[in-house]
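Protein chains: 4
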Amino acid sequence: MIKTFNPDFKQDIREKLARQGFMKLTGFNITKIEVGSIEGELTMEDQHLQQMGFAHGGLIATVADIVAGFAAASLVPKGHSVVTAELKVSYLNPGVGEKLWAKGYVIKSGRRLSFCEAEVYVIKEDHEPLLIAKATTTMATITPGDIKRRD
Amino acid sequence: MIKTFNPDFKQDIREKLARQGFMKLTGFNITKIEVGSIEGELTMEDQHLQQMGFAHGGLIATVADIVAGFAAASLVPKGHSVVTAELKVSYLNPGVGEKLWAKGYVIKSGRRLSFCEAEVYVIKEDHEPLLIAKATTTMATITPGDIKRRD
Amino acid sequence: MIKTFNPDFKQDIREKLARQGFMKLTGFNITKIEVGSIEGELTMEDQHLQQMGFAHGGLIATVADIVAGFAAASLVPKGHSVVTAELKVSYLNPGVGEKLWAKGYVIKSGRRLSFCEAEVYVIKEDHEPLLIAKATTTMATITPGDIKRRD
Amino acid sequence: MIKTFNPDFKQDIREKLARQGFMKLTGFNITKIEVGSIEGELTMEDQHLQQMGFAHGGLIATVADIVAGFAAASLVPKGHSVVTAELKVSYLNPGVGEKLWAKGYVIKSGRRLSFCEAEVYVIKEDHEPLLIAKATTTMATITPGDIKRRD
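These protein sequence lines map, in sequence, to chains L, P, A and W. The numbers in this note's numbering rise by one with no breaks, and the one at position 71 of the first sequence is 71. The numbers in this note's numbering rise by one with no breaks, and the one at position 151 of the second sequence is 151. The numbers in this note's numbering rise by one with no breaks, and the one at position 87 of the third sequence is 87. The numbers in this note's numbering rise by one with no breaks, and the one at position 63 of the fourth sequence is 63.
These aren't lab readings, by the way, just hints derived from the structure by calculation. Hints may be right or wrong, so weigh each one.
One copy or two, it doesn't matter: identical chains are merged, so the pair holds either way.
Quick list of in silico lysine-lysine cross-link-like pairs, DSS-like style, CA-CA up to 30 Å [what the hints assert, rightly or not]:
no., residue 1, residue 2
1, Lys108, Lys78
2, Lys99, Lys78
3, Lys3, Lys124
4, Lys124, Lys78
5, Lys108, Lys32
6, Lys24, Lys78
7, Lys124, Lys108
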C-alpha cells in the first residue's frame, strides 16, 4: 500500500494550489485529495476549446499535469516539492461535453522520482463518462537542500 | 525539402487560430507561419505560473501543442485538419523570465501522420534565450471524408 | 466491449510471429492471444542484461512493443497490419529475476490508430511478480491499399 | 559547452559496454565515444527484423537507449552510473537497408537527471542515410551512495 511521509499533505497541497496562477486561469478545481491520488474538474466553456469545438489538447495536458503532480506531492516528506520532469499525453477521443473530470495517481513512488498516470474524462448529460486522454509522467522530488543549492 | 499541399495555408491557419478559445485565454500569439514551421510568444504574468513562480508545465505543453500542431497543419491539403494523437514534453529548466517563446516544426510529414517537435524558451532581460522544454508529437491528419463519417 | 474485425486473428498473429526474427533472437514467447490482449514471457539469461545485471531497457521496450502491437493487431480487419508509430516506456524498478512476463492491451481502438499499453513484470522465486516497466503506444493500421500504394 | 566530470569516461564506458549482454546479442557496436555524444552501428540481418522485413521497433528502441544512455554516462562523475527513467521513440520511416546507425546526445545534463535524444538511421547502398526513428529520454544518475543504500 502506498503511504505518505507527510501527515499534513492535504493542507500543504491546498496551500500550493492557492498559488497556482495558471490553474486558476483555467477554472480547474481540485475536488479530492487522497494519499497518492488526486481528482478535479472544470465546467467546459468556449475558452477551453480549440477550433473544432473540442477540449484543447493543452488544457487536457494541464489538468493531467496538475492531478498527476499533486498525487506525487501527497507522498513526499514535509518541506519537499515535486516538479514534472516529463509528461506524455495520449489523446484517445475528442473532448465534447459539459464537464472535464481528471484523476491522477502514483504508480511507483521512489525517493527521487515518482511515476504517475492521469486519466481525463468528459461528462455529457445522460452519458457515461468518456475517457478522452491518458497521461504518464515522471515527477522529480525537490528536497529543501536542492532549493538552497539554487540560491 | 518540406513542401505544402495547400497554397492558402497561412490564411487557413489564421482562421483556425481565431477560433482557438484556449489559446486566447493564455494570451499566446503566433508571430510567424512558414511551411512546416510556426513560432509564437507570450508575456509572462502571474496567471501563467505554478506555485514556485515558474511557467506552469501545462502552459508549456499548451504552447508546444499549438506550434507543433499548426506546423503540421501548414503542410496538409486544403480542407484537411490535424489533431494531436500524442504529445510528450521534457521539462529541462525552470521557466523564469519576461517572455515565453516557442517554435514548432515538422520532422516527418506523412499522408496520415506527421511527427513534429517543439522547443520552448524563456527570454530574460540581458540573457540568452534559455531552452526550458522540448516536445515531440504525433499528429493525425483528418480528411474531409473523416469528418463526414462522424456526422 | 472490445471486438475484433478478424475471426482468424489468432492464426494470423501466429503466422506473423513466426516471421519475427528479432523476437526469436530475444527468446521471448507469446503464451496467450485474446481479443485486444496478448501475453508472453522469457527466461532471463546473461544475454538479456545490461552492465548492472538488470534486464536491459531495450529488451523491456522490445517485449512491450511486441505485446502492445499484437494486441492492436488482434482487432483490425483481415489483411490489415499494425505498425508502431511511437512507444514510451517508463522504467519503474530494476529487472532482476528468473522470468520476464509481459502483457499488452488496447485502451482505444480506432479505424486508423490504436492506443495500447503494456506492463512488464519480473518473476522471482518465492516473490510476487514485480512491475518493472509500463509502456504506452500509438499503433497505426496499415490497410491493404496502403501497402499497394508503396509498391 | 557540455563538459564531463570524469576524465576517464571513455575507458569507464568501454568497461560497461563489455558487460552489456543484450547489446552483444544484438550485434550493435559503439564506434565513437565523445563528451556528451555516442555513436554506433550494426549490420542488418534477418534476426533484426519484424514480420514485414523492417528493422524491429524493439531493436531500434534498444540502440536508441544505448547511445542516449552512454551519452549521459559520459558526463557524470567517476563512480556514478546512469539508468533510463523513461524512453520515447517515434518511428518515422520503415527501416530497410544494410546498416543501422545511431547517435545519442545530451540536451540537458543536470546533477540528478539528464535529458537525451537519439537518432537512428538506415544506410542503403547508393542512398543518403534515412532517419527512421527519433528518441527522447530521461536518464537518472545513480551515485555511489545510492548503490550502497540498496545493499
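Tested hints:
1. Lys108 - Lys78: both (19 Å within a copy, 29 Å between copies)
2. Lys99 - Lys78: neither (33 Å within a copy, 33 Å between copies)
3. Lys3 - Lys124: For Lys3 and Lys124, the Cα distance is within 30 Å only across copies (25 Å; inside one copy 35 Å).
4. Lys124 - Lys78: Cα proximity of Lys124 and Lys78: none, with 39 Å in one copy and 32 Å across.
5. Lys108 - Lys32: both (20 Å within a copy, 27 Å between copies)
6. Lys24 - Lys78: within (24 Å within a copy, 37 Å between copies)
7. Lys124 - Lys108: between (32 Å within a copy, 19 Å between copies)
This entry does not satisfy hints 2, 4, going by the numbered hints stated previously.
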